[in-house]
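Peer 1: Sequence:
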Amino acid sequence: MKLKSFLLTLTLIVFSAAISHAQGFRVRLKVPSEALKNNLINNPSNRDITVYLPPSYQTNLDKKYPVLYFLHGFTDSDSKWFGWEHHWINLYELLNKNMTNGTVKEMIVVMPNAYTTFKGSFYGKSETMGDWETFITKELVNFIDLKYRTLPNAESRGLAGHSMGGYGTLRLGMKYPEVYSAMYALSPCCMEESFIPSAENIKNMEAVNSKSGVADVSFVESINMAFSAAWASNPKKFPLYIDLAYKDGKPRPEILEKFKNNQILYTVDQYIDNLKTYKAIAIDAGTDDTAIFEASNKLHTLLSNHQVEHTYESYKGDHTNKIADRITTKTLPFFSEHLKFEQD
1 MKLKSFLLTL TLIVFSAAIS HAQGFRVRLK VPSEALKNNL INNPSNRDIT VYLPPSYQTN
61 LDKKYPVLYF LHGFTDSDSK WFGWEHHWIN LYELLNKNMT NGTVKEMIVV MPNAYTTFKG
121 SFYGKSETMG DWETFITKEL VNFIDLKYRT LPNAESRGLA GHSMGGYGTL RLGMKYPEVY
181 SAMYALSPCC MEESFIPSAE NIKNMEAVNS KSGVADVSFV ESINMAFSAA WASNPKKFPL
241 YIDLAYKDGK PRPEILEKFK NNQILYTVDQ YIDNLKTYKA IAIDAGTDDT AIFEASNKLH
301 TLLSNHQVEH TYESYKGDHT NKIADRITTK TLPFFSEHLK FEQD
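For the sequence shown, the residue numbers in full-length UniProt numbering are 1 to 344.
The hints are simulated quantities; they were obtained by calculation from the structure and are not laboratory data.
Treat the hints with care, since some could be wrong.
Below, computed lysine to aspartate or glutamate pairings styled on DMTMM-like, alpha-carbon distance capped at 25 Å [stated by the list, open to error]:
no., residue 1, residue 2
1, 276, 178
2, 147, 344
3, 322, 127
4, 260, 248
5, 340, 257
6, 203, 216
7, 279, 127
8, 247, 273
9, 105, 337
10, 211, 93
11, 258, 288
12, 211, 155
13, 250, 206
14, 237, 269
15, 237, 127
16, 260, 344
17, 247, 216
18, 276, 155
Okay, the calculated beta carbon distance ranges per label pair [what the hints assert, rightly or not]:
no., residue 1, residue 2, range
19, 44, 235, 15 to 25 Å
20, 88, 287, 11 to 21 Å
21, 257, 149, 41 to 51 Å
22, 56, 86, 24 to 34 Å
23, 288, 193, 19 to 29 Å
24, 207, 287, 17 to 27 Å
25, 145, 321, 33 to 43 Å
26, 314, 60, 35 to 45 Å
27, 288, 23, 33 to 43 Å
28, 86, 127, 28 to 38 Å
Just so it is clear, CB atoms sit at the ideal spot from N, CA and C, and this is done for glycine as well.
Work the whole structure out from these sequences, hints included.
Peer 2: Okay, here's the thing in structure tokens:
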């Protein structure tokens, strides 16, 4: 009897230890998209995504989970963020650490690959790069709800992103409040005029005459070309199908106006009623990330003036050096608090 009791106790200890150290897992797969088909630049319409399934997903087969959609930044990809390749951040490790130790509640996390010929989609609607708005807010959500055990309602869906992904979070969040109930923008970029090119930058952009040539230009040149691909398509401009915002060293006001019409600080006032339906909104930026910090402050003031409830925090940091810590201490606890985790 003593031996049986001892073995039973030992089994329970081992079983408990296994549960306490259970890990979530990641899977990378392709999602077909009608919205991205026939984009002029001919990027694949079958898009890679990474899905993180929390530790109990494989053992608690009756449980359904909320979903956090996480958008990566310019020049990044889901592969980089989820540790499929070495990068400055590993979201997979952060999620596992926080969901195995009980710091945050378990949720599914999904990141689509928005890397394009122009190094980023800006999550907009463009003839050049396709309709990313529909892909993210409808096709991807439907795909995830059909394939995984989700809580398929806005109350259990969150949207977050860093840099270009922070811009995408604000853009999609303010336009599609029926899809999400909480959003968190980390260091959102490109909310007003930014990355103004020099005369040399303009000359280099004008010299690009092939898709492959986009890969060789500088960051400032790349992001300006991506702005054009997202916001100033031109089907007649083979082979890149874009209108640059500068020509012969000078700005083109009609193209810059198209840029302005897609920048958050100039468009958010059209969506105030939508934003007021959110359960929670959060924005943060590092004080050393100068332009983004200043733009985030402006957005905070604008939302406050319109009486949109939100949280804004600044912290000592630059564009990337504190993001892992912010996700751990702020972003994941934010969604753990504000998403709905139980089925009606």
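Peer 1: All the hints need checking, so say for each whether the structure fits it.
Peer 2: To see whether the hints hold, each was checked on the structure:
1. For a cut-off of 25 Å, the pair hint linking residue 276 to residue 178 stands: about 12 Å separates their Cα positions.
2. Our distance criterion of 25 Å between C-alpha atoms is met by residue 147 and residue 344, whose separation comes to about 20 Å.
3. The hinted pair formed by residue 322 and residue 127 fails the criterion: a straight-line CA distance of about 36 Å is larger than 25 Å.
4. Restraint check for residue 260 and residue 248: satisfied, since their Cα atoms lie roughly 21 Å apart, inside the 25 Å limit.
5. Distance hint between residue 340 and residue 257 is unfulfilled; the C-alpha atoms sit about 40 Å from each other, more than 25 Å.
6. For the given pair, residue 203 sits about 14 Å from residue 216 by alpha-carbon distance, which is consistent with the 25 Å threshold.
7. Note on residue 279 and residue 127: the hinted pairing is violated, with a Cα-Cα distance of about 33 Å set against a maximum of 25 Å.
8. A C-alpha spacing of about 39 Å is found between residue 247 and residue 273, which places the hinted pair above 25 Å, so the restraint is violated.
9. This hinted pair checks out: residue 105 and residue 337 have alpha carbons roughly 8 Å apart, not beyond 25 Å.
10. Taken as a hint, the residue 211 and residue 93 pair is broken in the structure, with Cα atoms around 35 Å apart against an allowance of 25 Å.
11. Among the hinted pairs, residue 258 with residue 288 is inconsistent with the structure: their alpha-carbon atoms are about 29 Å apart, more than 25 Å.
12. Using a Cα cut-off of 25 Å, the hinted pair residue 211 and residue 155 is violated, with the two alpha carbons roughly 41 Å apart.
13. With a C-alpha separation of about 12 Å, the suggested pairing of residue 250 with residue 206 holds against the 25 Å cut-off.
14. For the proposed pair residue 237 and residue 269, the alpha carbon gap of about 33 Å is over 25 Å, so the pair is violated.
15. At roughly 12 Å between alpha-carbon atoms, residue 237 and residue 127 fall within 25 Å of each other, so this suggested pair holds.
16. In summary, the hint linking residue 260 to residue 344 is not supported, as the alpha carbons are separated by about 42 Å, beyond the 25 Å threshold.
17. Our distance criterion of 25 Å between C-alpha atoms is met by residue 247 and residue 216, whose separation comes to about 20 Å.
18. Restraint check for residue 276 and residue 155: the C-alpha separation of about 14 Å stays at or below 25 Å, so the hint holds.
19. Distance hint for residue 44 and residue 235: a CB-CB separation of about 20 Å, consistent with the stated range 15 to 25 Å.
20. One distance hint, 11 to 21 Å for the beta-carbon pair residue 88 and residue 287, holds here, with the actual separation near 19 Å.
21. Our hint of 41 to 51 Å for residue 257 and residue 149 holds, since their Cβ atoms are close to 46 Å apart.
22. A beta carbon spacing of about 29 Å between residue 56 and residue 86 agrees with the range 24 to 34 Å that was offered as a hint.
23. Hint check: residue 288 to residue 193, Cβ distance near 21 Å, so the stated range 19 to 29 Å holds.
24. For the pair residue 207 and residue 287, the supplied restraint of 17 to 27 Å is violated, since their beta-carbon distance comes to about 37 Å.
25. For residue 145 and residue 321, the hinted distance range of 33 to 43 Å is satisfied, since their beta carbons lie about 36 Å from each other.
26. Taken as a hint, the range 35 to 45 Å holds for the pair residue 314 and residue 60, whose Cβ atoms sit roughly 39 Å apart.
27. A beta carbon spacing of about 34 Å between residue 288 and residue 23 agrees with the range 33 to 43 Å that was offered as a hint.
28. Range check, residue 86 to residue 127: about 35 Å between beta-carbon atoms, so the 28 to 38 Å window is met.
Of the numbered hints given earlier, the model fails hints 3, 5, 7, 8, 10, 11, 12, 14, 16, 24; all others are met.
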